[in-house]
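Spelled out, the chains give:
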Amino acid sequence: MKFAVVVFPGSNCDHDAYYASKNVLGQDAELVWHKDHSLRGADVVILPGGFAHGDYLRTGAIARFSPIMQDVKAFAAAGGPVLGICNGFQILLEAGLLPGAMLRNRGLHFRCEHVHIKVEQTDTPFTAAAQSGQVLRIPIAHGEGNYYAEPEVVERLEKNRQIIFRYVTPSGDVTDAANPNGSVHNIAGITNDARNVVGLMPHPERACELAVGSADGLVVFQSAINGVGGHLKRTASVASTSGVVGVLDK
Amino acid sequence: MRARVYVTLKPSVFDPQGTTVTEALHTLGYGSVKDVRQGKYFELDIEAPSADEARRLASEAADKLLANPVIESYRIEVTA
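As given, the protein sequences belong to chains A and B, one line each in that order. Numbering-wise (the working numbering), the first sequence opens with residue 1 and increments by one. Numbering-wise (the working numbering), the second sequence opens with residue 251 and increments by one.
Wrong hints could be hidden among the right ones.
[Unchecked claim] Here are the simulated lysine to any residue pairs, SDA-like style, with alpha carbons at most 25 Å apart:
no.: 1; chain 1: A; residue 1: Lys35; chain 2: B; residue 2: Ser262
no.: 2; chain 1: B; residue 1: Lys314; chain 2: A; residue 2: Leu57
no.: 3; chain 1: B; residue 1: Lys314; chain 2: A; residue 2: Met69
no.: 4; chain 1: B; residue 1: Lys290; chain 2: A; residue 2: Gly96
no.: 5; chain 1: B; residue 1: Lys314; chain 2: A; residue 2: Pro151
no.: 6; chain 1: A; residue 1: Lys2; chain 2: A; residue 2: Pro151
no.: 7; chain 1: B; residue 1: Lys290; chain 2: A; residue 2: Lys35
no.: 8; chain 1: A; residue 1: Lys159; chain 2: B; residue 2: Pro319
no.: 9; chain 1: B; residue 1: Lys260; chain 2: A; residue 2: Gly107
no.: 10; chain 1: B; residue 1: Lys260; chain 2: A; residue 2: Lys35
no.: 11; chain 1: B; residue 1: Lys284; chain 2: A; residue 2: Asn105
no.: 12; chain 1: A; residue 1: Lys73; chain 2: A; residue 2: Gly54
no.: 13; chain 1: B; residue 1: Lys260; chain 2: A; residue 2: Glu155
no.: 14; chain 1: A; residue 1: Lys35; chain 2: A; residue 2: Met1
no.: 15; chain 1: B; residue 1: Lys314; chain 2: A; residue 2: Trp33
no.: 16; chain 1: B; residue 1: Lys290; chain 2: A; residue 2: Pro9
no.: 17; chain 1: A; residue 1: Lys159; chain 2: B; residue 2: Ser262
no.: 18; chain 1: B; residue 1: Lys314; chain 2: A; residue 2: Asp36
no.: 19; chain 1: A; residue 1: Lys35; chain 2: B; residue 2: Asp313
By construction, these hints were calculated from the structure, which means they are not laboratory data.
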């Protein structure tokens, strides 16, 4: 199977997502420039983290008009799995592919640290390989991750089980202290009505090898690979800090 | 024509920057400042035959790009 990682001017996690897909998980992966008009036949599209177009005006506000976004919208409308990570999540919000908006973090600090997030729902292309309620230790790095939506919208997200990840304590409790940015209802990630587009502020691509402190992010990529029936091409035992998430065969 | 577009967070939306500025002003002794809301200000020079047309264009620009309707509202002033 193949991942397309969109590169905007100012993306800075594009190579991390590419590395996780290609080198860690042994899949085909391609970096796609934002001015391109083709997703190169990819099965899964990733909008990576960074500061697309310098985050001028608002985070994601300019990136939304990049030519490739027409293709991403069409891909998503056809049911294709799309993952927005950090700035990619902000772009999905601005593009209207996901509901809501981001505000500056409560306290205004840029937060760069490992946090714990709970997998709330497993019926998305990016959480299908996880256990419901599984707690992942994953890094965040953002100044504007304070998720906001009108109360009616948040209510609808809760009712339709569209909240996919929540900031929690290491033991999985949803508390205000575990919320690094003030997001409403501790929201770290959501999905759309059709459940094929997922956005999250934490960086699973930065947590795919124990050498970097956590491999808990692998389950997000693993889910996408399982979903499109991809075969893992490398032999490796993939351990997560919260348990073994899978053994890759040839 | 010149259109001035003022974009601010909706009253229902928490403004972490405005709150911080308020606290800073209190630290400086300006206790009479009860609240600050921070926003963005744009000046658009527009070639348009009338103020109405300039306003229409500015409003379209604000809807499409300058403001995010989920969290922000805007107001426009047009001068010749």
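Restraint check for B/Lys260 with A/Gly107, where alpha carbons must lie at most 25 Å apart: 19 Å, holds
Restraint check for B/Lys314 with A/Leu57, where alpha carbons must lie at most 25 Å apart: 12 Å, holds
Proposed proximity, A/Asp36 with B/Lys314 (alpha carbon, max 25 Å): Roughly 23 Å between the alpha carbons, so the hint for B/Lys314 and A/Asp36 holds.
Straight-line alpha-carbon gap B/Lys260 to A/Lys35, limit 25 Å: 34 Å, violated
Restraint check for A/Lys35 with A/Met1, where alpha carbons must lie at most 25 Å apart: 23 Å, holds
Restraint check for A/Lys2 with A/Pro151, where alpha carbons must lie at most 25 Å apart: It is violated: about 38 Å lies between the C-alpha atoms, which goes past 25 Å.
Satisfaction of hint between B/Ser262 and A/Lys159, Cα-Cα up to 25 Å: Distance ~22 Å between A/Lys159 and B/Ser262 Cα, so the pair holds.
A/Lys35 paired with B/Ser262 [C-alpha distance capped at 25 Å]: Not satisfied, since the Cα-Cα distance of roughly 37 Å exceeds 25 Å.
Given hint A/Pro151 paired with B/Lys314 - CA-CA distance at most 25 Å: 23 Å, holds
Given hint B/Asp313 paired with A/Lys35 - CA-CA distance at most 25 Å: Within the cut-off at roughly 24 Å; holds.
Pairwise hint evaluation, A/Trp33 against B/Lys314, where the allowed Cα distance is 25 Å at most: 24 Å, holds
A/Lys73 paired with A/Gly54 [C-alpha distance capped at 25 Å]: Roughly 22 Å between the alpha carbons, so the hint for A/Lys73 and A/Gly54 holds.
When held up to the earlier numbered hints, the structure conflicts with 1, 6, 7 and 10 and fits the remainder.
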